[in-house]
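Protein chains: 2
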Amino acid sequence: MARIVQKYGGSSVADADCMRRVAQRIHETREAGNDVVVVVSAMGDTTDELIQLAQEVHASPDDREMDQLMAAGEQISSSVLTMALHAMGCEAVSMTGPQAGIRTDAAHTRAKITGIDPARVHQALGFGRVVIIAGFQGLTPASDVATLGRGGSDTTAVALAAALEADKCQIFTDVDGVYTTDPRICSGARKLDRITCDEVLELASLGAKVLHSRSVEIAKKYGVRLEVLSSFKRSPGTEIVEGDSSMEDVVVRGIAADKGQCKVTLHGVPDSPGVAARVFHRLADHDVNVDMIVQNVSEEGHTNISFTIPVSDMKRAKTAADELSRELEAQGVDFDEDIAKVSIVGIGMKSHSGVASRMFSALAEHGINIGMISTSEIKISIVIARDSADEAVRVLHKSFELE
Amino acid sequence: MARIVQKYGGSSVADADCMRRVAQRIHETREAGNDVVVVVSAMGDTTDELIQLAQEVHASPDDREMDQLMAAGEQISSSVLTMALHAMGCEAVSMTGPQAGIRTDAAHTRAKITGIDPARVHQALGFGRVVIIAGFQGLTPASDVATLGRGGSDTTAVALAAALEADKCQIFTDVDGVYTTDPRICSGARKLDRITCDEVLELASLGAKVLHSRSVEIAKKYGVRLEVLSSFKRSPGTEIVEGDSSMEDVVVRGIAADKGQCKVTLHGVPDSPGVAARVFHRLADHDVNVDMIVQNVSEEGHTNISFTIPVSDMKRAKTAADELSRELEAQGVDFDEDIAKVSIVGIGMKSHSGVASRMFSALAEHGINIGMISTSEIKISIVIARDSADEAVRVLHKSFELE
Numbered sequence: 006m007a008r009i010v011q012k013y014g015g016s017s018v019a020d021a022d023c024m025r026r027v028a029q030r031i032h033e034t035r036e037a038g039n040d041v042v043v044v045v046s047a048m049g050d051t052t053d054e055l056i057q058l059a060q061e062v063h064a065s066p067d068d069r070e071m072d073q074l075m076a077a078g079e080q081i082s083s084s085v086l087t088m089a090l091h092a093m094g095c096e097a098v099s100m101t102g103p104q105a106g107i108r109t110d111a112a113h114t115r116a117k118i119t120g121i122d123p124a125r126v127h128q129a130l131g132f133g134r135v136v137i138i139a140g141f142q143g144l145t146p147a148s149d150v151a152t153l154g155r156g157g158s159d160t161t162a163v164a165l166a167a168a169l170e171a172d173k174c175q176i177f178t179d180v181d182g183v184y185t186t187d188p189r190i191c192s193g194a195r196k197l198d199r200i201t202c203d204e205v206l207e208l209a210s211l212g213a214k215v216l217h218s219r220s221v222e223i224a225k226k227y228g229v230r231l232e233v234l235s236s237f238k239r240s241p242g243t244e245i246v247e248g249d250s251s252m253e254d255v256v257v258r259g260i261a262a263d264k265g266q267c268k269v270t271l272h273g274v275p276d277s278p279g280v281a282a283r284v285f286h287r288l289a290d291h292d293v294n295v296d297m298i299v300q301n302v303s304e305e306g307h308t309n310i311s312f313t314i315p316v317s318d319m320k321r322a323k324t325a326a327d328e329l330s331r332e333l334e335a336q337g338v339d340f341d342e343d344i345a346k347v348s349i350v351g352i353g354m355k356s357h358s359g360v361a362s363r364m365f366s367a368l369a370e371h372g373i374n375i376g377m378i379s380t381s382e383i384k385i386s387i388v389i390a391r392d393s394a395d396e397a398v399r400v401l402h403k404s405f406e407l408e
Numbered sequence: 006m007a008r009i010v011q012k013y014g015g016s017s018v019a020d021a022d023c024m025r026r027v028a029q030r031i032h033e034t035r036e037a038g039n040d041v042v043v044v045v046s047a048m049g050d051t052t053d054e055l056i057q058l059a060q061e062v063h064a065s066p067d068d069r070e071m072d073q074l075m076a077a078g079e080q081i082s083s084s085v086l087t088m089a090l091h092a093m094g095c096e097a098v099s100m101t102g103p104q105a106g107i108r109t110d111a112a113h114t115r116a117k118i119t120g121i122d123p124a125r126v127h128q129a130l131g132f133g134r135v136v137i138i139a140g141f142q143g144l145t146p147a148s149d150v151a152t153l154g155r156g157g158s159d160t161t162a163v164a165l166a167a168a169l170e171a172d173k174c175q176i177f178t179d180v181d182g183v184y185t186t187d188p189r190i191c192s193g194a195r196k197l198d199r200i201t202c203d204e205v206l207e208l209a210s211l212g213a214k215v216l217h218s219r220s221v222e223i224a225k226k227y228g229v230r231l232e233v234l235s236s237f238k239r240s241p242g243t244e245i246v247e248g249d250s251s252m253e254d255v256v257v258r259g260i261a262a263d264k265g266q267c268k269v270t271l272h273g274v275p276d277s278p279g280v281a282a283r284v285f286h287r288l289a290d291h292d293v294n295v296d297m298i299v300q301n302v303s304e305e306g307h308t309n310i311s312f313t314i315p316v317s318d319m320k321r322a323k324t325a326a327d328e329l330s331r332e333l334e335a336q337g338v339d340f341d342e343d344i345a346k347v348s349i350v351g352i353g354m355k356s357h358s359g360v361a362s363r364m365f366s367a368l369a370e371h372g373i374n375i376g377m378i379s380t381s382e383i384k385i386s387i388v389i390a391r392d393s394a395d396e397a398v399r400v401l402h403k404s405f406e407l408e
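Protein sequences appear in the order of chains L and D. Residue numbering for the first sequence follows this note's numbering, beginning at 6 and increasing consecutively. Residue numbering for the second sequence follows this note's numbering, beginning at 6 and increasing consecutively.
Next comes chain L alone, as it looks inside the complex:
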């Protein structure tokens, strides 16, 4: 008998039929003799509908009230899923995040889990019940409900798996695992049976949207065995492992593309100590999330600083960049919304040389021009024209023999 935490996303519980299908799967896992704890997201579009409702009465609603509102979505789905299990004769009980003992900090709408007191969950498991927990929420020190932000249900599931010392944490989603790249872009995309935490982290943060990064970080930190699989198909998914020597032969594991960014360049800023710090401090003040940063070599005491940001932060970034340009007496500011970031990820890169040159050559052969480059130990990201992104993914997928 194992203890298994399962997480089902919003599309997996979108209506009564989906609920029954998910309940059937949970019931089978329970019947196989396992202790089962389930974390569930809000049904289908509920979260978006609640956000819209809030915006009808307030242009920028208070965070604490937003959390009070949003938490209702998962409360609804968790109780309905529990009823669907009852209908199959499966003993089950629903719990809100606070009832399940999930404690968070006070950062409403983007709270972090500070601890879990799993006493009530243990008690229910002891009675032989499946426990269905509302994802993405917990209790603040002030006894308010806080949400963990989008993707927070994954985090709830992994944190619970760690607290309950579960044997496995299964993330059910609308894809059946982690792919070498997006199958909608590249027909040769292949499902991976296993991938390391580090690799999936790079893929997740690069727009492959398989798992929420924080959930993978927690899984890595607490050694939770993670698995991504389809809630619609009955096929094996992708296991996320801590590290695997057999993988070291493989250089590149996946290709990710992110078309949701734009590029900002500050031209001709003084190349003196503290300038870069000032630039990114100011951007942080304006709540701009900066992703890639590239600074070119200095010429005549001046340099260009380029960085990428999410398209949604563009307006705030413009304000900040204009301020900076004036204060630093820069030669100008450029905004380029017509970009995409394409990355290759693989733990094998660490010990293989020539990956970058192979990447750049393959793109050059197809006339794809590279605008920015940024590298880490296990990934190389480039910025290219947005309309070349899909082609670049296909070229690289083939070039690194991922078919």
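Keep in mind the hints are simulated off the structure, nothing from the lab. None of these values were measured; they are calculated from a predicted model. Each residue gets a CB set at the ideal place from its N, CA and C atoms; glycine is no exception. Hints should not be assumed to be uniformly reliable.
What the hints assert, rightly or not - Partner residues are not named here, just some residues of chain D that face chain L (Cβ under 10 Å, in silico):
| # | residue |
| --- | --- |
| 1 | Ala28 |
| 2 | Glu61 |
| 3 | Met71 |
| 4 | Ala77 |
| 5 | Ser83 |
| 6 | Ser84 |
| 7 | Met88 |
| 8 | Ala92 |
| 9 | Ser99 |
Following the hints, position chain D against chain L.
Okay, now just chain D, sitting in the frame of chain L:
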């Protein structure tokens, strides 16, 4: 400066526009220098939609899970109403029933309030905030959410008014007060400026649906000043008072009709001690709510027992009555769904004779036949054919000079 508890029903907060109108009213009450605590029901049809959702996955969902589900409705409306107040620059905070310190027993879906710890509400009022509380819910001894059943938001409001020692409890609804009878049936119906608790209790339990009976009982017990008024019109409502000598001249205060009942008769049951007890004990076992009970005089050691029940309890009542008929060797069971109960209510009846004969004569003059009669100190109820109900209301309204 007064402390005022206001309650807004589901139709008063059905959409964003309604929310803003209600928020405006609350804001004005606050601006006038009052401490304001608001109890709100779920938006429009939310409660019915959640019930339907539950029934799509389970024919008779578990009570504890139903409460977990239903409580989300008021959680949504309370946070959205709070946002609407923020949009007007009015300081406000939402609380669920549990957060507001409302404690209940463990009788899920029909819980009773066992106590209120208003510390958190007091604290928020101390900060100058309007407090918006999710109606109809509280926390059980097992730290679960329980609902008070339909109409429970009225009860929440009155119980909070008692616990907070509020100066007034205003129930905003889609009618502008308590009427002498239903204006849709009788065009001469007149709004009452004042009515006693006892009278409104009889009217409420008789189908006039102005206020939930339990809320009036609590108001009476704790001396809460209650007022019913329209959330759409700005006109004075009806005050509910503890008793008023000026009223004693008036014999009858209101006429109520209830078309949601049916009549059951057990024919020829033995007229021996314990039989009636056995009958109503069995009905209670089958969860049948019995309203009027009439037992005729005995003939040759046998008697007929008739009682009325809500139409919704008919199926369970049939099972119980068939069992009883067999066990008691009765001569048969009759079910009549084609009835209505019409009642006249007035505290003045206590000291006036001839009310009953005046009632019966008026009906007889219009050829309306009476099937059952039941009386209390301040009311007389009769059962008549359902299609005569509206006419009976008009006849009695005129006869007792309520125009």
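Problem - Structure-inconsistent hints, enumerated in ascending order - result: Result: no hint breaks.
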